[in-house]
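Asks: Based on the provided sequences and hints, a complete structural model is requested.
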Amino acid sequence: MRISKSLKIPASLCIRCRGTKMLCGLSYCPITVKNLVEPKLKQIKGNELTGSSPPSVFVGRFGYPKVRLYPSSPPVIGDTSDYEDPGRWINIAMDEFLSKRLSLLRGGMIAEVHGASDPTRTLQDVQLMSMSREPTTVNMQFSKSLSSDRSVLDDHVTPMGPWSPLKKLEIEPGKHELVVEKVWGDADFKAQNAMFELYKSGIKEYRISKILSVGAIGVSKKRKMVPTRWSITATDKSLSDQVVADIKGYSTVDEHLVYVRKTSGNLFMAILSPRSWMFEWGESWFPGSTWNQWGSAAQVEIDHEGYYGRKDYPGIGGCYYASRLAVAEALATMKRQATATLWREIYPGFNLPVGVWFVRENMRAMFATKPYRFSTFQDAVDFLSKYTKVPVKYWLAKSGNYPFLRTGGLDDYL
Amino acid sequence: MMRISISVKNLKEVADLLNTVVTEAKFKLDKTGISVKAVDPAHVAMISIDLPKDIFNEFQVDEEEEISLDVERLKAVIKLASSSDLVTISKEKEKLKFEIGNIVKSISLLDNNSVTTPRIPQISSEYFVVLGKSDLEKGLRAAEDVSDAIRLTLTDSDFKARSMSDSEESEMVLPKDMLKEIFCKGPVKSSYPLEYLLKLVKSLASADEMKMSFKDDYPLTIEFTLNQGKGNAEKHISGVFLLAPRMEQ
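Chains R and X are the protein sequences, given in the same order. Residue numbering for the first sequence follows the working numbering, starting at 1 and increasing by one per position. Residue numbering for the second sequence follows the working numbering, starting at 1 and increasing by one per position.
Since the hints were derived computationally from the structure, they do not count as laboratory data. Keep in mind that this is a model prediction, so the values were computed, not measured. Keep in mind that a hint or two might mislead.
[Claimed, not checked] Simulated pairs of lysine-lysine, DSSO-like, Cα-Cα distance not exceeding 27 Å:
(1) X:75 <-> R:248
(2) X:75 <-> R:311
(3) X:26 <-> R:248
(4) X:235 <-> X:91
(5) R:190 <-> X:95
(6) X:235 <-> R:248
(7) R:335 <-> R:204
(8) R:311 <-> X:12
(9) R:248 <-> X:95
(10) R:248 <-> X:199
(11) X:26 <-> R:311
(12) X:202 <-> R:311
(13) X:199 <-> R:398
(14) X:93 <-> X:37
[What the hints assert, rightly or not] Anything over 10 Å on all C-beta distances counts as not near chain X; from chain R, calculated:
(15) 42
(16) 87
(17) 144
(18) 156
(19) 173
(20) 254
(21) 276
(22) 277
(23) 353
(24) 374
(25) 387
Glycine residues also receive a C-beta, built at the ideal position from the N, C-alpha and C atoms.
Replies: Spelled out as structure tokens, the structure:
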């Protein structure tokens, strides 16, 4: 694998560690992952693969608007749905997660994104497969053998396995919910509305972003494919925009609610304060974590929006909207609005880009726990200071919510 | 039936004032005039403005009603006119029609339920100072690059506005003879977020003076009237601005 090649971990460490102590400082063991993936690759006979696609598809972004479309499947027949369901990944080991994702083998074909407005038979097959509610059988014939160097590791996109150009593709169409067929078949339904319609009907956001990426929704003449990386954030943004609009009609939470979640290499925190909707997402990358490999101190970055939202794209990117969806959902469940302050510390050793699902799902799991309650923001922050490794004053110095929350507020005088 | 006519200068000032706290506002119309109250989403500042019937060149309101508007859209329409123009506004179904000279433009109204009606805090302080707007503005501008908060102090003989950071400091002192009126027993002081005060003062184009009331660590009340120019000397557009204190740590 490319990851293990480039890292050059001294063999002496591996011999002492044997995948158990993480002496190399990584949050997963490259050797274990390799040992889990290679047997699956060996099951492929010749240049042909038959498997149950979870379903899974990847749309590249290079060469846009002429991109590569990759239907994909592990070389496994059976219930492969957990290869594609982020809700289940936070409870399994990183090695197992990676071995699953890296054995999703992809058959690549060139496609023009606007082709979705008048899809070819092949594209239509891929669309139907991508929309399926359960795994569907795929047969792919490749023109070259698969090379494990061509895997996807990216901070936005969930990791995926190697690819090879497709020579022939056969797909079973899969099974679809009525609402999925409805938005696919409706030629006048705007993509944004279609996404929310799916969401309201209980279709998970990872499926919605997949349906968006293969260009299966929207006003038919304007339908286009959307690179996976963009479709994930577009889905988080679009869905959270609508949930946020809904929660603005509710009254505020009654106290400062504090949530904490410690997970491998990460600390997630949130304070929901009794004020109108405002939101901030802050990340602090420690030296030696994915995006602070060479720094000497933890860096705090915060992006913020006021009640009316923001007009520019947040510098932090995809995680901003993934966490915004998680907190908006939590507030919608409570039927409350709040000023939401969300922070994440990323420690040394967490140095593998896994995709924004990691933030979304950890935040969801955190908001499912019972909050600690405080009557003032200061008390809430003092409590969090017991957990943070970055002194809270550095967090507060960059916080967009804090200047508002530290002011008494007119509500104190009602 | 609703049809009113007002000077562009007045309407622009009202829109700018509202815009210091909100981007959407709900106006209440009845036979005596128009009033509007708005609180910023962070619940730090509130503004309330009264436009009595007499300040309008034409005022026809048959029944009490509420009209909710996007303030930015309103400002965009006003930009089409020069400040000496008159604008005639009438309601047609779910739209508000603006006639400015040869231009007719309609903007759609917002759903009244989607714009919050602020709850009015009970705030009163017997201590106050009446001072020139330009004097206050100088003190605020001096503080602008020092800190994001300003501390106001009132004694029986002067008014002070002071800002401090680790490295810099700015202070304005206005003695009694530079103030229009002052009433205070013993010193009172309270800090406020500077940004809101600056926005308010910048939007108050035609007010000459303002009355500021506060006490220790307590909301600030600023009362002002807008200058109508000649005629209409009896009635004014008046407003009240409330600002929550910044608690010092």
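Asks: Among all the numbered hints in the text so far, which are the ones the structure does not match?
Replies: 6, 21 and 22
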